[in-house]
Amino acid sequence: MSTLNLIKIAWRALLINKMRAFLTMLGIIIGVASVISMLAIGEGSKEGIKQQISKMGANMITIRPGAATQGGVRLDNSASQSLTLKDLAALKKETSLLTHISPQVNKGGQAISGAYNWPTSLYGVSPEYLPIRVLTLASGSMFTPSDVRTAAKVLVIGQTVVDNLFPNGEDPVGKTIRFNNIPFKVIGVLNKKGESTFGQDQDNIMLAPYTSVQKRLLANTYLQSIVSSAKSEDEAAAAVEEINTILRKTHKLDGMENDFNVFSQQELISTFSATSEMLTVLLVAIASISLIVGGIGIMNIMYVSVKERTREIGLRMAVGGKGIYILLQFLVEAVFISVTGGLIGVALGLGTTAVISTTLGWPIKITLFSIVVSFAVCTITGIFFGWYPAKKASELDPITALRFE
Amino acid sequence: MGEETVRALKGISFTVNKGEFVSIMGSSGSGKSTLLNILGCLDQPSSGSYLIDDRAVKNLSRNALAEIRNEKIGFIFQSYNLLPRTTALENVELPLLYNKKVSTKERRERALDALNKVGLASRLYHTPSQLSGGQQQRVAIARSLVNEPVLILADEATGNLDTRTSYEIMSLFQELNAGGKTIVFVTHESDIALFTQRTIVLKDGHIVKDLQVQNRANAKELLSQLPKEETI
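For the protein sequence lines, the chains are S and E, in the order given.
All residue numbers for the first sequence refer to my numbering, where the first residue is 190 and numbers rise by one.
All residue numbers for the second sequence refer to my numbering, where the first residue is 1018 and numbers rise by one.
Derived by calculation from the structure, the hints in this document are not laboratory data.
Here the structure is a predicted model, which is why all the values come from computation and not from measurement.
Any given hint could be a false lead.
Said to hold, decoys possible - Cβ-Cβ distance ranges computed for the label pairs, FRET-style:
| # | chain 1 | residue 1 | chain 2 | residue 2 | range |
| --- | --- | --- | --- | --- | --- |
| 1 | S | T568 | E | G1036 | 22 to 32 Å |
| 2 | S | W551 | E | K1122 | 54 to 64 Å |
| 3 | S | L532 | E | G1036 | 54 to 64 Å |
Built from N, CA and C at the ideal position, the CB exists for glycine as well.
Input sequences plus hints: build the corresponding full structure.
What follows is the structure, given as structure tokens:
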């Protein structure tokens, strides 16, 4: 008995009961389609979170003062004064894994321009801040290192500030904004960035040289944080280690607790992905159950098929059909149902995913892995659930099978 | 369920020679079916021996039995046992599907040849539901011929047919026998047994009679004597 003949027999048996075969297939189709679309939604949301966090910065690593103790009293992180320009200089000198480093000091307050005012935050940074936070200029220019040296009173402002202080559409570049009674000249406008994952308006900012903010507004020499970019995503963890080593050395923390904290964006991503990972597992688990139910459907229909065709089995055996051919005949039929169902399921899954992403606008990511796995699982389901009825058929006694009414 | 050994056949011994046309008769419970199953290699004797074409059938595996059935035996059943929704040609091809030595082309040729022999060359692509009982039984006979068996086993092959069709079928059997086929025909109708050469009568598992048929009937002659079929 050739494979071709086996397929022919199975095909004919299925054609005889088209509706029945289709309904059995439907179980598999729905199972596979739901596994694929659930995986796509899960992977999509994970990817979405990753992208949004990446938008906040390019492999960003943030260093904050923290965990400082003075005479046994643990201090609030913001009150901590452990991060200074000396650290910045040490990092710049010794790092091999960071591409950009910028200090960050900020001050909240009211920005005033002409008749308009708006509450916002002024960030004192260095020019390298733009590539670190993936910010780009819409017009004008960024301040220069020489502006930093001279503590120039210049500003680069975000779109929200523009919208609220210059609502009539005039060009803000060249205009003056007063912040805490100090006049700053606007030299550049940032492109719109939108809200962050955490609902923070990333356009409600004003950037000035950190020296200007330190000297003219805060009157201190401490840094609230240092932000930096690792060379690549893969080197982020090593970069965190490097920063720890350099800062422990400059802070002379031999044997003592760190008085600073280092966070990388990757940690943030994995923290947030963990939730969506769990969700994905849950969704896929539910979808898999429908695939198993589909498999039971196959088993059920194969039992009916074997029962109905007992006499046929008896005849095939009487004319010399060996058990293995009877087994294969029914197994091929079951696999045929599951493979065809699987193919249609993959198509339906991809279709559903496309519909979800266009109508609901959810982030979707279809992986080849999900297609291969769900297809493989449904084929194995067919073999697994088809095996037992087929085995039963092959073990029938030809004499009783021939006499079966 | 309690197991109880029933000895369906007790100490019977006979030989069917090549080219013989033998009928086996007996009422129900006489051991006919058991004998048929053993002759057809569907079952094996619990004791004693059975040789087909000089090959002993004893303690063989299911697969070995299937092979013997495939190569040496042609079955014909009372209820035809054709595959539904399958053409006559494919029904006849069935035994050869399970024989690796036969190619697709040869299989088709041999099936055509067998259908030709039973006079159904014009019904090759009809399915069983499109054929009369007599025609279905002819397909079944063609199927039993297609593997060129050493023994054709017919089990009440005329049981479902009217007199005229029975005679037609018996005439076909006589023709095949004249062509050298060995046939064992199980029946409970004594008039059908008259068409064969030799009758073995079973009763309670014993052979009570094993005789050559005297006044052997010729099915073709009888057929011509029957009143003409009325056409409506």
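Query raised in the report: Out of the numbered hints, which ones does the structure contradict?
Result: Failing hint: just 1.
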